[in-house]
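Asker: Each chain, written out:
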Amino acid sequence: MSFINYASREINCKVVYYGPGLCGKTTNLQHIYAKTNPDLKGKMISLATETERTLFFDFLPLALGQIRGFKTRFHLYTVPGQVFYDASRKLILKGVDGVVFVADSQIERMEANLESLDNLRVNLGDQGYDLGKVPYVIQYNKRDLPNAAPLDEMQRLLNPGGAPEFEACATVGKGVFETLKAVAKGVLTDLRKMAR
Amino acid sequence: MPFVDTQLVLFDEDYRKVLAVCERLARDAHAKGVFVVDKNGQLMAEAGDVRGLDTTSLASLTAGSIAATGGLAKIIGEEEFPIHFHQGQRDNLHMTVVAKRIILVVIFDERSSLGLVRLRVKKAGSELARLFEEIQKKSERARNSATSPFAEITDDDIDKLFAD
Ligand SMILES: Nc1nc2c(ncn2[C@@H]2O[C@H](COP(=O)(O)OP(=O)(O)OP(=O)(O)O)[C@@H](O)[C@H]2O)c(=O)[nH]1
Ligand SMILES: [Mg+2]
Chain A
282 MSFINYASRE INCKVVYYGP GLCGKTTNLQ HIYAKTNPDL KGKMISLATE TERTLFFDFL
342 PLALGQIRGF KTRFHLYTVP GQVFYDASRK LILKGVDGVV FVADSQIERM EANLESLDNL
402 RVNLGDQGYD LGKVPYVIQY NKRDLPNAAP LDEMQRLLNP GGAPEFEACA TVGKGVFETL
462 KAVAKGVLTD LRKMAR
Chain B
22 MPFVDTQLVL FDEDYRKVLA VCERLARDAH AKGVFVVDKN GQLMAEAGDV RGLDTTSLAS
82 LTAGSIAATG GLAKIIGEEE FPIHFHQGQR DNLHMTVVAK RIILVVIFDE RSSLGLVRLR
142 VKKAGSELAR LFEEIQKKSE RARNSATSPF AEITDDDIDK LFAD
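In the order they appear, the protein sequences are chains A and B.
Start counting the first sequence at 282; every next residue gets the next number (my numbering).
Start counting the second sequence at 22; every next residue gets the next number (my numbering).
There's no promise every hint is true.
Said to hold, decoys possible - Derived SDA-like pairs (lysine to any residue); straight-line CA-CA distance at most 25 Å:
(1) K352(A) - T175(B)
(2) K95(B) - A329(A)
(3) K322(A) - D75(B)
(4) K143(B) - D70(B)
(5) K60(B) - S327(A)
(6) K95(B) - G406(A)
(7) K60(B) - M475(A)
(8) K375(A) - A89(B)
(9) K375(A) - E161(B)
(10) K474(A) - E173(B)
(11) K38(B) - M282(A)
(12) K316(A) - L182(B)
(13) K455(A) - L182(B)
(14) K324(A) - V71(B)
(15) K474(A) - R162(B)
(16) K474(A) - D177(B)
(17) K121(B) - M282(A)
(18) K375(A) - E67(B)
(19) K375(A) - R164(B)
(20) K462(A) - I174(B)
(21) K462(A) - D180(B)
As the list claims (entries may be wrong) - Computed footprint of chain A on chain B, listed as stretches where at least three residues anywhere in the stretch have a Cβ under 8 Å from a Cβ of chain A:
(22) 63 to 77
(23) 84 to 94
Claimed, not checked - To spell it out: a stretch of chain A is covered by chain B in this simulated footprint if at least three of its residues, at any positions, have a beta carbon under 8 Å from a beta carbon of chain B; those stretches are:
(24) 369 to 380
(25) 458 to 467
Hints in this document: simulated from the structure, not taken from any laboratory.
Just so you know, even glycine gets a beta-carbon here, dropped at the ideal spot from N, CA and C.
Between the sequences and the hints, there should be enough to build the whole structure, so can you do that?
Answerer: Shown next as structure tokens:
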């Protein structure tokens, strides 16, 4: 849940990158980290296995600028995508303000995408959130690969609700900031709704 | 809505009260540093002499660690492990969950002792619990009023954030 601090005139929001194992969640954060001005970012923390798979989470604190005299800060987290880390995913979703679902475009990962999206829905539901109501965007990653599924098929399977969606190639940064901006915008718009 | 899931709003006067508790605790416990972190990993107040420490990372990892051990607690049928102590070569870390939603972190070295820290944390913890009950109520009220700075933001304000 976002946290408004009048003493330091700051607002903090939490965004979680979700998706199946190896879809490119950590790569998204790494790109954001690499391309962000040092004044605007904190240290990136990765709790990972020896083989660079996310074990618990990645964390990247980011300052986006001011709104009405309040510094807006986003705390970006990734979950571990591997199926058996479900307990950790549930913990990281706590207090989330916005979600990015990173889908792996490779045809053979479509089943894994669907399973992960289902898992997201269930885990959000356990906490009383509804995927249709949380600020949410979807990213079709790895568009560069020859075995990428056609876009319209991915849309049909993974985004029937018509959430904001972006094609990406996280390794070169394509679509990464567009995705981040869209989710941040969703979160801030939601704050306005809540305040009204 | 469950207790921990409401947006927290911290006003200046409450912040100063929380800070005062932290400062007193740092003094009374001869601690190097005292931090109040919310369970979602946001740093709310800090006191003591902890210059150069990466407090944002500290807050996020504290929350992660408490979340992980909280998950363990549930597996064995406990609600939560309220007290955590990590002993280092030089510095030690003491963490307590207060009022189910915040974490009180104390860093101390040989100038203090676990016994002293425990004793002082107990008192500070109950003061913080009272303060946060109040803060929680105010947060709920703030949420339902138009005083939020975000009630008036425009699409333009949001777009400007991403101007570069
Ligand atoms: N070709 C291609 N490879 C990518 C792309 N994005 C990520 N990768 C590669 O996919 C692999 C996995 O990426 P990660 O970012 O570690 O995946 P993850 O989603 O964090 O995986 P978990 O931590 O296990 O959940 C790495 O080797 C990346 O370099 C992309 O857009 N195109
Ligand atoms: Mg990862």
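Asker: Confirm or reject each hint.
Answerer: Status of each hint after checking the structure:
1. K352(A) - T175(B): holds, 16 Å
2. K95(B) - A329(A): holds, 24 Å
3. K322(A) - D75(B): holds, 12 Å
4. K143(B) - D70(B): holds, 21 Å
5. K60(B) - S327(A): Status holds; Cα separation ~19 Å.
6. K95(B) - G406(A): holds, 19 Å
7. K60(B) - M475(A): Holds. K60(B) to M475(A) sits at ~21 Å (cutoff 25 Å).
8. K375(A) - A89(B): Given that 25 Å is the threshold and the Cα spacing comes to 12 Å, the pair holds.
9. K375(A) - E161(B): Since the Cα atoms of K375(A) and E161(B) sit roughly 19 Å apart, the hinted pair holds (cutoff 25 Å).
10. K474(A) - E173(B): holds, 10 Å
11. K38(B) - M282(A): holds, 22 Å
12. K316(A) - L182(B): Answer holds: K316(A) to L182(B) is near 16 Å, not above 25 Å.
13. K455(A) - L182(B): Holds - the C-alpha atoms of L182(B) and K455(A) are around 20 Å apart, at most 25 Å.
14. K324(A) - V71(B): OK: K324(A) and V71(B) at ~17 Å, within 25 Å.
15. K474(A) - R162(B): This hinted pair holds, its Cα atoms lying about 15 Å apart.
16. K474(A) - D177(B): Holds - the C-alpha atoms of D177(B) and K474(A) are around 15 Å apart, at most 25 Å.
17. K121(B) - M282(A): holds, 15 Å
18. K375(A) - E67(B): holds, 23 Å
19. K375(A) - R164(B): holds, 20 Å
20. K462(A) - I174(B): Cα-Cα ~17 Å, so holds.
21. K462(A) - D180(B): Holds, at roughly 9 Å.
22. 63 to 77: holds (count 4)
23. 84 to 94: Held - the stretch 84 to 94 of chain B has 5 residues with a Cβ nearer than 8 Å to chain A, which meets the minimum of three.
24. 369 to 380: holds (count 6)
25. 458 to 467: With 3 residues in contact (Cβ-Cβ under 8 Å with chain B), the coverage given for the stretch 458 to 467 of chain A holds.
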